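Each chain, letter by letter, is given below.
Protein chains: 2
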Amino acid sequence: MEFSSKLIEEGVQAFASLPGIGKKTALRLVIHLLHEDEDLAKSISEAIYKLRTEIKYCKKCGNVSDKDICDVCSHPARDHQQICVVENFRDILSLENTGQYKGVYHTLGGLISPLDGVHPEQLNIESLISRVQNDNVQEVIMALNPTIEGDMTLFYISKRLSKFPVKVTALARGVAFGGELEFVDEITLARSLQSRQPYENYITGPHQ
Amino acid sequence: MEFSSKLIEEGVQAFASLPGIGKKTALRLVIHLLHEDEDLAKSISEAIYKLRTEIKYCKKCGNVSDKDICDVCSHPARDHQQICVVENFRDILSLENTGQYKGVYHTLGGLISPLDGVHPEQLNIESLISRVQNDNVQEVIMALNPTIEGDMTLFYISKRLSKFPVKVTALARGVAFGGELEFVDEITLARSLQSRQPYENYITGPHQ
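Chains A and B, in that order, are what the protein sequence lines are. Taking our numbering, the leading residue of the first sequence gets 146, the next gets one more, and so forth. Taking our numbering, the leading residue of the second sequence gets 146, the next gets one more, and so forth.
Wrong hints could be hidden among the right ones.
All copies of an identical chain are treated as equivalent in the list; a pair is satisfied when it fits inside any one copy or across any two copies.
Unchecked claim - Derived pair list, reagent style DSS-like, types lysine-lysine, alpha-carbon separation capped at 30 Å:
{"#": "1", "residue 1": "Lys201", "residue 2": "Lys187"}
{"#": "2", "residue 1": "Lys151", "residue 2": "Lys204"}
{"#": "3", "residue 1": "Lys212", "residue 2": "Lys151"}
{"#": "4", "residue 1": "Lys205", "residue 2": "Lys187"}
If you are wondering where the hints come from, they were derived from the structure by calculation, not from laboratory data. No experiment lies behind these values; they were computed from the predicted model shown.
Assemble the whole structure, with the sequences as input and the hints as a guide.
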């Protein structure tokens, strides 16, 4: 498409550089902004700029925050001896939404993936080790994606932590609630069968 | 969702205020921006801001442009006695992409729609009348959406232009090229039948 204005072209390119937004959608967004009040474009522009330039990461757990220490880490009622290790703050959001977890978090900032050039030293693993070492941590819960990268990271960290007197656990894997067995993949189903649980565990779970 | 940072929340709200982008997609875009280089966020922010604050509209036809008079209006080879009336610059883009039109344009900025509170005086209709009056215009081609609003606008403008010695035409309506008759709606099919054309028109058309 050839635009009659360089500004339109730059606007379309800007939106189209975001994931999941194509040129046509980008043009629709540009037209929307032109039709709307000038304040809307200004506030969106400002929000995007501030987002990237002013964002802070909690010095303790690496979660995004407006302060040096995030709300979870500074909360007095949280159990600081229980650390849940996640890939990024998106996972913290999901876990917090369950309302079930009362410990603190640790954000790795990614998963080990040699193929993508992500090695352990690029992730926040050393800071996790030193937290375990210094903060009298009792349990490290690994809440990583059930993928090859997640499992690799899980393996690496559990190995690094094996010399400390800390319990390392991982999220339970099995069939999801509300799903149908017919559509569960073979590996998940086979593993769920192997790690079957006594019936009592079902009725005392958080979903009741 | 409760975010651990006000900046994240504002970023999500900014993206979610755009049409077709929900909260989940907005959060995905925010995470993308945080992962990417700071320059990306800066350039997107700047493009959006400039887009809305620096955009100019051609003083002649109302098309978006970086100059006072747009490239189409200032082109010496364009036929200035033929004006194609469109709703917005998006339609100009579509028409220019056909490569078939050599006249100039006039952008209304909307369509008459009493239900939405859009009346003739809010659109660029007076400027069209004065162009027809002063520029020795031979033909006005109405290229408006085939909707009730489009037809209403078409009717209003053709009535206003009836006292001038100018030919008013409208885009042909009929079955689209490459479509299947089975899926054409009844009104379009009935009208195509009524305004059937001699076979010669088919083989001399621009699609050959």
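The hints, checked one at a time:
Taking the shortest Cα distances, lysine 201 and lysine 187 sit within 30 Å of each other both inside one copy (23 Å) and across copies (17 Å). Taking the shortest Cα distances, lysine 151 and lysine 204 sit within 30 Å of each other only across copies (17 Å), while inside one copy they are farther apart (42 Å). In this assembly of identical chains, lysine 212 and lysine 151 lie within 30 Å of each other by CA distance solely across copies; the values are 10 Å between and 39 Å within a copy. Within a single copy, lysine 205 and lysine 187 get their C-alpha atoms only as close as 34 Å, which misses the 30 Å cut-off; across copies the closest is 28 Å, which meets it.
The earlier numbered hints are all upheld by this structure, with none contradicted.
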